[in-house]
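Input sequences plus hints: build the corresponding full structure.
The sequence shown: position 94 = 94 (UniProt numbering), numbered continuously.
Check before you lean on any hint, since a few could be wrong.
The calculated DSS-like cross-link candidates involving lysine-lysine, where the alpha carbons are at most 25 Å apart (straight line), are [unchecked claim]:
| hint | residue 1 | residue 2 |
| --- | --- | --- |
| 1 | K66 | K3 |
| 2 | K102 | K66 |
| 3 | K73 | K3 |
| 4 | K3 | K98 |
| 5 | K3 | K38 |
| 6 | K102 | K3 |
| 7 | K73 | K102 |
| 8 | K66 | K98 |
Simulated restraints on C-beta separations [as the list claims (entries may be wrong)]:
| hint | residue 1 | residue 2 | range |
| --- | --- | --- | --- |
| 9 | G39 | Q75 | 22 to 28 Å |
| 10 | R29 | K118 | 21 to 27 Å |
| 11 | L72 | G104 | 17 to 23 Å |
| 12 | E109 | K66 | 18 to 24 Å |
| 13 | D15 | E109 | 17 to 23 Å |
| 14 | G104 | V16 | 28 to 34 Å |
| 15 | P116 | E35 | 18 to 24 Å |
| 16 | K73 | E117 | 38 to 44 Å |
| 17 | M1 | P54 | 30 to 36 Å |
| 18 | S21 | T77 | 21 to 27 Å |
Keep in mind that the hints were calculated from the coordinates and are not lab data.
The beta-carbon is built from N, C-alpha and C at its ideal position, and this holds for glycine as well.
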Amino acid sequence: MEKILIIGCRNTMDDVCIGCSRCLVAFNRREGQFERYKGQEAEVLGILNCGGCPGASIVQRLAQVKLWNVPLKEQPTVIHIGPCLSDHCAHADDVVTKIQAKSGLPVIEGTHPYMPEKIWA
1 MEKILIIGCR NTMDDVCIGC SRCLVAFNRR EGQFERYKGQ EAEVLGILNC
51 GGCPGASIVQ RLAQVKLWNV PLKEQPTVIH IGPCLSDHCA HADDVVTKIQ
101 AKSGLPVIEG THPYMPEKIW A
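This is the structure:
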């Protein structure tokens with residue numbers, strides 16, 4: 001079973017996308033980048049923010065996720081990067097590179113497909 005850790009932008013998660021419902025809805029419906037889990041057992045293990053600009057604390061935050069989940073005998077098997085980070089963050093390349101280098105897990109850029117192409121269209 002895949003255990004998914006979603007990582008997003010702290011600023012967006014705190015101020016715009018409260019509750020990260022679009023990521024969770026997409027996971028539950030197996031839409032967007034979660035379509036790959038159709039017909040499979042998978043669950044969201046957690047949602048983590050980057051730690052704030054410029055993403056300098058992401059490696060420590062990943063280590064905390066590991067530490068917090070050891071007593072629960074739960075660890076992520078794959079990381080999804082939310083569009084709030086991968087598509088809209090000036091530091092995304094550095095943050096994603098750090099995650100890929102240090103996590104030891106597959107890293108998939110993308111979660112939900114619910115971004116409007118144009119605001120007033």
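Cross-check of the supplied hints:
no. : hint                      : in the structure
1   : K66 with K3               : holds (13 Å)
2   : K102 with K66             : holds (12 Å)
3   : K73 with K3               : holds (12 Å)
4   : K3 with K98               : holds (20 Å)
5   : K3 with K38               : holds (14 Å)
6   : K102 with K3              : holds (18 Å)
7   : K73 with K102             : holds (20 Å)
8   : K66 with K98              : holds (16 Å)
9   : G39 with Q75: 22 to 28 Å  : holds (23 Å)
10  : R29 with K118: 21 to 27 Å : holds (23 Å)
11  : L72 with G104: 17 to 23 Å : holds (19 Å)
12  : E109 with K66: 18 to 24 Å : holds (21 Å)
13  : D15 with E109: 17 to 23 Å : holds (22 Å)
14  : G104 with V16: 28 to 34 Å : holds (31 Å)
15  : P116 with E35: 18 to 24 Å : holds (20 Å)
16  : K73 with E117: 38 to 44 Å : holds (43 Å)
17  : M1 with P54: 30 to 36 Å   : holds (34 Å)
18  : S21 with T77: 21 to 27 Å  : holds (23 Å)
Figure legend: structure checked against the earlier numbered hints; every hint is met.
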